[in-house]
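Residue numbers (the working numbering), protein chains in the order written: chain A, 1 to 459; chain B, 1 to 304.
Some hints could be false.
[As the list claims (entries may be wrong)] To spell it out: a stretch of chain A is covered by chain B in this simulated footprint if at least three of its residues, at any positions, have a beta carbon under 8 Å from a beta carbon of chain B; those stretches are: (1) 74-82; (2) 258-266; (3) 322-334; (4) 418-430.
Because the hints were derived from the structure by calculation, they are not lab data.
Note that the Cβ used here is the ideal one computed from N, Cα and C, for glycine as well.
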Amino acid sequence: MAYLSRRSVLRGSVALGASRVLAFPHVAKAAATTASMWFAQGFVQDEDVSLRKAVADYEKASGNKIELSIIPFAPERQKIISALTSGVVPDILDSNPGEILQIYAWQDRWVDVSDVVETQKAQFSETALQAAQAYNNVTKKSSFYGVPLRAAVVPCHIWRPLVEKAGFKIEDIPKTWDAYFDFFKKVQDNLRKQGERKVYGLGFQVTANGVDPYNLFMAFLVAHGGQNVVTKDGKLHLDDPKVKQAAIKAAGYLGGAYRDGYVPPSAINWNDADDNNAFHAKLMVMDVDGTLSTEVAVKAKHPEWYYNDMVSHGIGYPNDNAGKPVPSIVGLTNGLIPKGAKNVAVAREFLKYFIQPKVIGEFVELGLGRWLPVMPSLAKSSFWQDPKDPHLRGYVQQGLLGPTIPDYYVYNLAMAEVRSQHVWSMPMIEVAREGAKPEVAVEKAFKRIEEIFAKYKRA
Amino acid sequence: MDRASVADVARPAIRWRTLSRSLRGGLKGGEYAWAVAFVVPYVAVFLAFVAYPVVYGLWMGSEASLYRELFADPIYQSTVVNTVLYLALGVNVKMFLALLLSGFFMRPGWWMKALLLIFVLPWAVPQISTFISIHWMLNGEWGFLNNVLYTLFHVEGPHWLNDRWMALGAVIVSHIWKWTPFWTLILLAGRMAIPLEIRDTAKVDGATGVRGFVYITFPLLANLYLICTLLSTIFLLGDFNAVNFVSGGGPANTTHVLATLGIRNAFEIAQPRLGVAAVMSALPLVIPLVIVLMRKLRTAEVQL
Numbered sequence: 001m002a003y004l005s006r007r008s009v010l011r012g013s014v015a016l017g018a019s020r021v022l023a024f025p026h027v028a029k030a031a032a033t034t035a036s037m038w039f040a041q042g043f044v045q046d047e048d049v050s051l052r053k054a055v056a057d058y059e060k061a062s063g064n065k066i067e068l069s070i071i072p073f074a075p076e077r078q079k080i081i082s083a084l085t086s087g088v089v090p091d092i093l094d095s096n097p098g099e100i101l102q103i104y105a106w107q108d109r110w111v112d113v114s115d116v117v118e119t120q121k122a123q124f125s126e127t128a129l130q131a132a133q134a135y136n137n138v139t140k141k142s143s144f145y146g147v148p149l150r151a152a153v154v155p156c157h158i159w160r161p162l163v164e165k166a167g168f169k170i171e172d173i174p175k176t177w178d179a180y181f182d183f184f185k186k187v188q189d190n191l192r193k194q195g196e197r198k199v200y201g202l203g204f205q206v207t208a209n210g211v212d213p214y215n216l217f218m219a220f221l222v223a224h225g226g227q228n229v230v231t232k233d234g235k236l237h238l239d240d241p242k243v244k245q246a247a248i249k250a251a252g253y254l255g256g257a258y259r260d261g262y263v264p265p266s267a268i269n270w271n272d273a274d275d276n277n278a279f280h281a282k283l284m285v286m287d288v289d290g291t292l293s294t295e296v297a298v299k300a301k302h303p304e305w306y307y308n309d310m311v312s313h314g315i316g317y318p319n320d321n322a323g324k325p326v327p328s329i330v331g332l333t334n335g336l337i338p339k340g341a342k343n344v345a346v347a348r349e350f351l352k353y354f355i356q357p358k359v360i361g362e363f364v365e366l367g368l369g370r371w372l373p374v375m376p377s378l379a380k381s382s383f384w385q386d387p388k389d390p391h392l393r394g395y396v397q398q399g400l401l402g403p404t405i406p407d408y409y410v411y412n413l414a415m416a417e418v419r420s421q422h423v424w425s426m427p428m429i430e431v432a433r434e435g436a437k438p439e440v441a442v443e444k445a446f447k448r449i450e451e452i453f454a455k456y457k458r459a
Numbered sequence: 001m002d003r004a005s006v007a008d009v010a011r012p013a014i015r016w017r018t019l020s021r022s023l024r025g026g027l028k029g030g031e032y033a034w035a036v037a038f039v040v041p042y043v044a045v046f047l048a049f050v051a052y053p054v055v056y057g058l059w060m061g062s063e064a065s066l067y068r069e070l071f072a073d074p075i076y077q078s079t080v081v082n083t084v085l086y087l088a089l090g091v092n093v094k095m096f097l098a099l100l101l102s103g104f105f106m107r108p109g110w111w112m113k114a115l116l117l118i119f120v121l122p123w124a125v126p127q128i129s130t131f132i133s134i135h136w137m138l139n140g141e142w143g144f145l146n147n148v149l150y151t152l153f154h155v156e157g158p159h160w161l162n163d164r165w166m167a168l169g170a171v172i173v174s175h176i177w178k179w180t181p182f183w184t185l186i187l188l189a190g191r192m193a194i195p196l197e198i199r200d201t202a203k204v205d206g207a208t209g210v211r212g213f214v215y216i217t218f219p220l221l222a223n224l225y226l227i228c229t230l231l232s233t234i235f236l237l238g239d240f241n242a243v244n245f246v247s248g249g250g251p252a253n254t255t256h257v258l259a260t261l262g263i264r265n266a267f268e269i270a271q272p273r274l275g276v277a278a279v280m281s282a283l284p285l286v287i288p289l290v291i292v293l294m295r296k297l298r299t300a301e302v303q304l
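Only chain A is shown next, with the shape it has when bound in the complex:
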C-alpha cells in the first residue's frame, strides 16, 4: 500500500505541471488557427442553420476552426457587456444591440477593421458603410470598427382577413401617412360593430421596453419631417421648428391612438416579442415591427398565413402626408473584433470570407429573408425577386433599394443612450395614459435628450 507523503505529493504536482508544459505547444498550435465567435440566435431555426453552414464552409476552405456559440438575443447582450467589462472576450461577435458598435468604439474597445471592409467596399450600400463607422474618443478619429453583415427595417404587418371582415380591401388602404394609420381605426370601428370585442386597429408599441418603441417613434418622427433631428456631423437640432413639430405630431398620434382605444391596452407593457405574439393571436389588425420575423415565424406551420393572410407593407409603406417617400431607418448587424481577442488574424480572415457577396447573400437567404442583405446587387437575386413570395420584394425594396438612412446613433453616440433609456417612449406614454399635452411631454423629453447629449461632446 502506498502512503502519501509531502514529498510524494510534491513529486506528483511537479510531474503534472511538466506534462501540461509538454502538451502546451500542441494547444498553442491549435489556438493559432482557432477563433471563437458569438452570434445571436435567430427567430427561426433556419437562421442558425444558415450561420452554421457559412462557418462550416469557411472551416473547410481555410483549415481554420471557428468555435461558434449561438446565444439567445437578450442573454447575448449581457454576455457581450460582461465580456467587454471583464476583458475576457471572444475573437468575433455580432453587434447586439446594434449601437454597441458605437458605444464601445467611443472607448477604443474594437479592432479597426477598415482592411476587411475595403475588400467589398464597392458592394456595400451607402447606409451600411455609414453604420459600420464610429467615433473613437481615444484616438479622436472615426473609422470602420464594424463589418456590415445584414440589415433590417421596420415594415407594417397587416391581417388581410380582418381588413376584409371589416368590409374593406387591402387596396383601399390610403398611401399617405396619417390617412394610412387612420384607416385601421375605421377597420376597428367596423369590427366592433360586428361584435369583435378584443380586436384593436393598431399594434403600436407604446411601451418603454425593448427596441420597438424607439423604432416606432423614429419612423413617425421622420415621416412628419423630423429627419434632421441629428445630422451627419453629429449635431442635435431640437431647436429646429420642423423637428419639434414632428416630435409633437409623433407623440400626439401614437399616444392619442392608445388613449382613444385603438391600441391593445397591454401594449403599454409590451417587451420585444410581445407585439409579434399579440399579432399572431389576432389581437390587432396591423403591427409596425422590425424585420420579417412576424411572417417567417409562421411560414412552416401556417403557410396559408404567410402566403395569403399576412400582408407586409414594404412596397406599400406609406408616403409622408405630402405624398413624398419616407426614408426607412436601417438597423445594421455588424461583425466586430474586440480588442484583447486572442486570434485577430483568423477573425479578420473569417470576416473577409463571410462578406463575399455569394457567402453573405446565401446567409441571409437561407435565414428565410428575415434579415436584409447589405449589398444592393444581392437584391436582384431570384430569392428576393420571387414573384410567388408576397413579402420579400417589398421588404428588400423598403430596406435596401428604396430611400434609407442609418440609425441616428451612427451620427452621435448620445442617440444610443436616448434609445436605451427610452426617452422617446415617455411623451407617447404620457399622452396615452395621463392625457398630457404632446407639446408639454415633448418638451420634457427634449430636456432629457439635451442632458444626454451633453455627456458625449466630441473633441
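Keeping the supplied structure of chain A fixed, place chain B upon it in accordance with the hints.
Okay, now just chain B, sitting in the frame of chain A:
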C-alpha cells in the same frame, strides 16, 4: 560581552520564535505544513469568490460622478420609493402571516400535515416559471383572471399591470405568496423548539390561547422573528425575479426596484458601472441591517 547585552541581541529572535509558535498553534514541522496545505484551498476559494467580487464591485461603483448621474435619472427616485414599499410591505406582511400560520400548523392531526404539504408547494416550485405564469394570468386582454371575471360575472377586469400601484401590488403579493411558506416552516420549527414543560406550566397558570401567545410563545420567538425579518429584508433587497418577471419594471419603468434598475443600467443601457452604483446605493441600508443581524445572532444563541 556582558549578560544584559547578550539578552538585548537575543530578544528579537525570541520574539519572532514566540510569534511563530503562536501562529502555528502548537503544531510542529510536517504537521504545520499539512495544516497550511489544507487551509490554502479554502482561503483561495474565499479570496476568489467572496473577497474579489466584493472588492471589484466596490471599485466599479466608487466614482462620485456615477452617483450624480444616477440621482439625475428620473427613474431612480421612483425606484427608491418602490424599493422601500416592497421591503416594508413584502417583508412585514409575509412575516406576520408566517407567524400566524406557524401557530395554525402546530395543531395536531394527519390532515394538518397534508395541508402543510400543499401549503409549501408555492415555495417548492421553480420561481421563474411561476412568476411568468402570474404575469400572463394578469394580462388585461387574454389573461386567466380577467377571463374568469368575464365568464362568471360578465365583468371586464382591470388591466392589472398597466397601473404603477396595481403592478407593484401584484409584485408584492406574488412575493408574499411565494415566500410565506418558507418562513412559516422556519417559525414552525422555532415554535416546536419551545420546551413542552414551559407551555404546560403556563397552562396551569392560566396562560392559554391569546394570553399564552402574548406572554409565552411570542417572547420566546421574538428573537427568531426579528432575525428572520432582517434576513428576509436582506434577501428581498437583492430580489430580481419577482419584479422582472411579474411587472417587468413596467409600465414605463415605474415599478423598478434597485436590483432590477441595476441590471437595466448595466445591460440595457450598457453602463455596467452605473448598474453597480444603483445596487451600491442600497449599502447605507444593508450595512446597519447586517450589523444588527450579527448582534442578534449572538444573543439568539443563548435564548432559543
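Here is how each hint holds up against the structure:
no. : hint    : verdict
1   : 74-82   : holds (count 4)
2   : 258-266 : holds (count 3)
3   : 322-334 : violated (count 0)
4   : 418-430 : holds (count 6)
Consistency note: the structure conflicts with earlier hint 3 alone.
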